[in-house]
Amino acid sequence: MAVQIPSTTVPKVSEGGVVEDIFFTALLQQCQVNQAAPQWLKDIRQQSKSWLSRLSVPTKKDEDWRFIDLSSLTTGKFVTVGAVRPKGLLKDTASHIASRPKGYRSAYREAPLPETENSRLVFINGIYNDELSNITGLPQGIYVGSLANLPNDYDAAQYFAQQPGADAFTALNTAGGDDVAVVWVNKNVVVDTPIHLIFITNSGQETGFTQPRTLVVAETGSCITLMEEYIGTGEYFTNAVTEIFVQGNSRVHHTRLQQESDRSYHIGKTAVAQERDSHYTINEINLGAKLCRHNPEVWQQGEQTETNLNGLVVATGEQISDTHSIIALSKPHGTTNQLHKCIVSDRAHAVFNGKVFVTKEAQLTDATQLNRNLMLSPKARVDTKPELQITADNVKCAHGATVSQLEAEEIFYLRSRGLSEDDANQLLIDAFAAEIIDRLPLKSLRNSITQTIEQKVKH
Amino acid sequence: MSETILSVRNLTANVDGIPILKGVNLDIKAGEVHAIMGRNGSGKSTLSKVIAGHPDYEVTGGEIIYQGRNLTDLEPNERANSGIFLAFQYPLAIPGVSNLDFMRVAYNAKRKYQGLEEIDTFDFEDLIEEKLEVVKMKSSFLERSLNEGFSGGEKKRNEILQMALLDPTLTILDEIDSGLDIDALRIVSDGVNQLRTPEKALLVITHYQRLLDYIEPDFVHVMQEGKIVTSGGKELALELESRGYDFLDDKSGDKSTVGVGV
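Sequence order for the protein chains is R and G. If you're matching positions, the first sequence starts at 1 in my numbering and goes up one per residue. If you're matching positions, the second sequence starts at 1001 in my numbering and goes up one per residue.
Please note that the accuracy of each hint is not assured.
[Stated by the list, open to error] Pairs of lysine-lysine residues, derived as DSSO-like cross-links and limited to a Cα-Cα distance of at most 27 Å, are as follows: (1) R/K379 to R/K77; (2) G/K1029 to R/K458; (3) R/K443 to R/K379; (4) G/K1200 to G/K1234; (5) R/K443 to G/K1138; (6) G/K1029 to G/K1200.
The hints are simulated quantities; they were obtained by calculation from the structure and are not laboratory data. Since this is a predicted model, take the numbers as computed values, not measurements.
Please model the entire structure based on the sequences and the hints provided.
Set out below in structure tokens:
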């Protein structure tokens, strides 16, 4: 059987042609067409809109959505909220986060990551905010800013919305999005400073709807560290899409932090196309949102590409966190390593489906995939579905999944050294998370995420 | 007369409802080294875990008095913090917990219990650096995850390093010699001997006599079917070595040997 890569992500078109989906239609009506946008962008948005009009919201009958129930999202009424007063916003968001009953206080929140003070773009409710952004710390040879300000010699049309694996939510973002964050590194430019994109939703009394969109182009031989962060307050729906083009021999190290409000919905797509000899690493941390769904999708399109997908989910209370990843290898000598870890407590629910496609041409592939789950409560739930589809005959591929609880013998060992039961449990939970957190690029970030998780799982 | 550190009286204990300890009596005074020998399954390791407070072991009768205090109601961490240290037969490897952080947390737990201020990372590093000498360990061991990827000998040395750091009054070595080559055995025993003082006591649980050439006991007890069936001086260990445990079978019906000799 031939492996057909993108087919699994193309949503079904409703039988009988045009049946407008009420949810998507209502959301699209909220979105304003930016008349100042270039024609090519308006065209793409229009195409997506007409495609979307033939799609319906996925349900549990769709294989890729069968573990979670979207009805609480799709019956909600959301409105787009425009720019808000930026003054004190980071601080307000910080204090709001600090006041959450479950505890989300993290030290850096009052002053987000000092290391990125001069390499930061801030979007509020999907709109670029000049006042809070500061990119003076970046070198020549890189553009970081809004698409609206992108110089004409950059051909964004060549990349925007050009990844495989489209689905309804991605189409919704493309059709109705407004601003686009662009990170574009020129050929052979190496940027040491991490580039920090912060998407804040603050919809006030409204039930907000925002569609952050990011386009990253790492030209041949370039190297960047990218940090993408989602935070917010109140009840809202974030539908985020990030496209990353990793050209020949370039390296992108990507961190994705999802710490949305615990009353929010977060649906995200990270689509990555890799050319030959390139390296792409993502470390994603999902802590927030009432319901989170993230789809990291990596398309290896050249020989000897390397992909590392690492994920950490911490779900507590009634949270639902679903990760559906795709890594598609279509050329020889590709390498992929995936480690996805979930800590699930209370009545929370974590889902993992990781697809690895190895086509016939992708000989000498070396692929590993591991999903490890730590369950802290008998009412917690984990669904895991690692999936390899291989047609090449000379490859090394391994995958697996584990579900475990805290080990009584390990707890006793620690207690026999004087640690209280709570401290012993905490140390083991930290240790489970550390395998992913240790891969994050900044010490302040590692510390703050560790603290945040400690407070989140504490009862 | 020296102070009694540990006094075990008619101790019985179950695991999963099955009686394992069936009336153990043992007195250990300050400055003494006691060895408990016996076959696999005789209850030696169970005794050590019961003293340390393992939650899977249910004490069904008798008492454990440590420094005049009944241990039965104390949590494992309270026992540890009041000066009982169990060196594990199989120390657990915990990926993601750095050896250094683990030891600092353990050390500070004890200080907190004693009402002392916790010490900071820098002072702790100086302290642990001194202790490394005891077991001839390199400081690079501290950077690694707790026991992860350690050889058998390294794990046991790491146990003795923790003993050196936590400075216990009563140390129980549960088969510290199992699986060690002669060099590692020497390093481990040297470490233990350096830490001996007249105020402290040592309970050495072993299957083999060889360890007792390095850590010399004052008393040797033999356990069989959940009881101490015979006790004597260090020559008892040599007798066991030459005659094997089989000679006990002849004695086992003879109740008069129980608790003899200490």
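Hint check results:
1. R/K379 to R/K77: Judged against 27 Å, a Cα distance of about 30 Å means the pair is violated.
2. G/K1029 to R/K458: Given that 27 Å is the threshold and the Cα spacing comes to 42 Å, the pair is violated.
3. R/K443 to R/K379: violated (34 Å)
4. G/K1200 to G/K1234: holds (19 Å)
5. R/K443 to G/K1138: holds (26 Å)
6. G/K1029 to G/K1200: Judged against 27 Å, a Cα distance of about 8 Å means the pair holds.
In summary, the structure is inconsistent with hints 1, 2 and 3 from the numbered list given earlier, while agreeing with the others.
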